[in-house]
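Visitor: Here is how the chains run, residue by residue.
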Amino acid sequence: MDVIFAVTVGTFFAVGFYLMLSRHIIRILLGIAIFGNAVNLTIFTAGRITRLSPPIIPLDMDVLPSGTANPLPQALILTAIVISFSFFAFLLVLAFRTYQELGTDDTDEMRVAEPKEEDLPPLGY
Amino acid sequence: MAIEPGSVDLSAALVLEPTPLADWNIVAPVMIPIVIGAVLLMIRHETRFHAGLAIAALLGTLFCNIGLLARVLDNGPLTMTMGRWLPPFGISFTADALGASMALAATLAALVCALYSVSDIDNPRRRYGFYGFLMLMMAGVNGAFITGDIFNLYVWFEVFLISSFGLLILGSERPQLDGATKYAILNLLGTTLFLTATAMLYGAVGTLNMADIARKMPQLQAAIPAGTLATLFLFAFAMKAAAFPVNFWLPASYHTPRIATAALFGGVLTKIGIYALLRTFGMLMPDQLGLLSTTIAWIAAATMIIGIMGALAQTDLRRILGFVVISGVGVMMAGLSLGTVEGFTGAIFYAFHSILVMTALYLLAGVMNGLGGSYSLRSLSGLYASNPLIAVFAFLLLLAASGLPPASGLWPKVILIRAAIDSGSPWLAFSILLTGLLTMLVLGRVFLLTVWRPRVEPTENTIIASPMLGYSALLLLSLPVLLMGVYPDPFIEVASQAANTLKNPSSYIGSVFPEAALR
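Residue numbers (this note's numbering), protein chains in the order written: chain A, 1 to 125; chain B, 1001 to 1519.
Because the hints were derived from the structure by calculation, they are not lab data.
Only a predicted model underlies this, so the values are computations on that prediction, with no experimental measurement involved.
Don't take every hint at face value.
Label-pair distances were calculated between CB atoms; the ranges are [to be verified]: (1) B:M1082 x A:E118: 45 to 55 angstroms; (2) B:G1083 x A:R27: 35 to 45 angstroms; (3) B:A1385 x A:V82: 55 to 65 angstroms; (4) B:L1041 x A:F5: 16 to 26 angstroms; (5) B:L1312 x A:V3: 47 to 57 angstroms; (6) A:T104 x B:S1507: 50 to 60 angstroms; (7) A:P65 x B:G1083: 20 to 30 angstroms; (8) B:I1066 x A:D108: 47 to 57 angstroms; (9) A:P115 x B:T1294: 35 to 45 angstroms; (10) A:A6 x B:V1118: 49 to 59 angstroms; (11) A:I56 x B:P1490: 46 to 56 angstroms.
Using N, Cα and C, we set each Cβ at its ideal position, and we do this for glycine too.
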């Protein structure tokens, strides 16, 4: 089970990073979405995948016996999903507004904030 | 099978004794900005109340921070665990000298920016929630400094990040949208990498509480891929701190928003990356810091020198300052790379100095623009003839940023240079000195061209009626900057206590797990 997840996570990371290498904002955003899910699966896998024994503490013990299923990664992933989803929504709107204003989604052409031919500072007066 | 009340020993799971009233102060620096931020969002249209409410709330937060720092300096680290679940199961807030002092400096910077913003932020921007974003961002910043749980640290990172997006794009001008796109994507990538590293760390160590990690790391590190984890953390936090070569989002975006926003970003946000680096490497993974120290030292030297060379090539005052921020990050990373108490002390003291001075420099640029009508070194000129007072602030901040007496930059650099020579890396000391020289060149040229040069264009363009608000904001920051220069002892004391807690976290661990301290 762990091996399948590890390979899936690896593939997700590879696809995400490949898309992020693009010059086009929309492909970068898709890469970020896949990257976020790769991280969520990483948390899931890192927190031990098993369902053999449920996470219930026996009466005579203070902590979970080892080898039980781990409920914590799901809480972490839930937080991470909410955050990455809201950020993705914000980024989509931001990218669309930028495309409307700048007329391009090619990062090489997006030079409004950092113009190419900027005057050098004066050398004296 | 029912369990009778009273038959279960609750003390095995819960902190039973009530939190002392004074310890509630630990959550105050987060709670006040969050509550007031929510109120400000609710009264979004009543813009006349916004500035006063935000300033009052930040003032309250500042006093809570002062109280917290004073208590931490007297009693050592303080812990409050949410829901009273025994740590490591509940999320702990642990204030130590490092977190409390950084939160104090950041809140002071935010307060001054809020004062300055009264004249800088117009009504539409208020209606779109400038002050709400500001308060929520400060909640995130203070939360990041005070939390004692590494996943919670990630959450606070996201809280201040999303608020900073809001602040950055208020106004939706074309350069802002361009800058914000790069800022948002690269910072989101950085925090997601931080989350990846946290996930792996949790998988390896099985806990997220930082005191618990610090406690378990020495036994576990041989069995887990600790070096890989440390490298991931380094990459993620270096990106947040804008260290070379992952710094290009900063000069692309920091000059685009209003100056009150830029000042707060330039002063505070990169230092959270530095704080996180100090926390993870100084306290959680000291051995991995030794492993990576040469890499970090090279990154530090490259960051400070390439940063300041970038500043030499710029014409826009705000873009110059963006590059000066980057070179300061390099100086702090140099302190981190040394891995000694002295190195940490220098880095932490430099962080206090940098928060105040960079905020002040951005505000100075704003006042200069108000008086001279431009940010460009080509046209901004003749300020000494029209407003001699601005020259005083400009000169003091020039001295502070280049590390010359009597201002604040001198002592952290003295500590760092001595620490670098003591740990046998004189080349690192040399690069700090070279950066100081280049900073003086950069800011000296700014001073020469804007203050001393006779006015190059006729004076008709925008002259603001009264720069008094800007002057008082600058005064509020210049006083501590001057104090740090002429009477550095208390600041060095705080920084060295913070560094000692990082290097030897037994008091931090003892505050989270009292039974471990007794044993």
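Visitor: Give a verdict on every hint.
Guide: Evaluated hints:
1. B:M1082 and A:E118 have their C-beta atoms about 50 angstroms apart, which keeps the hinted 45 to 55 angstroms range intact.
2. Remark: the range hint 35 to 45 angstroms for B:G1083 to A:R27 is upheld by a beta-carbon distance near 43 angstroms.
3. With their beta carbons about 56 angstroms apart, B:A1385 and A:V82 fall inside the hinted range of 55 to 65 angstroms.
4. Separation of B:L1041 from A:F5 is about 40 angstroms and departs from the stated range, judged on CB atoms against 16 to 26 angstroms.
5. At about 53 angstroms, the CB distance of B:L1312 to A:V3 agrees with the hint of 47 to 57 angstroms.
6. Separated by about 55 angstroms at the C-beta atoms, A:T104 and B:S1507 satisfy the suggested range of 50 to 60 angstroms.
7. Range check, A:P65 to B:G1083: about 24 angstroms between beta-carbon atoms, so the 20 to 30 angstroms window is met.
8. Distance hint check: the CB atoms of B:I1066 and A:D108 are about 49 angstroms apart, consistent with the given range 47 to 57 angstroms.
9. A C-beta distance of roughly 38 angstroms is found between A:P115 and B:T1294, which places it inside the suggested range of 35 to 45 angstroms.
10. For A:A6 and B:V1118, the Cβ-Cβ distance of about 55 angstroms falls inside the hinted range of 49 to 59 angstroms, so the restraint holds.
11. A:I56 and B:P1490 have their C-beta atoms about 53 angstroms apart, which keeps the hinted 46 to 56 angstroms range intact.
The structure shown violates just one earlier hint, number 4.
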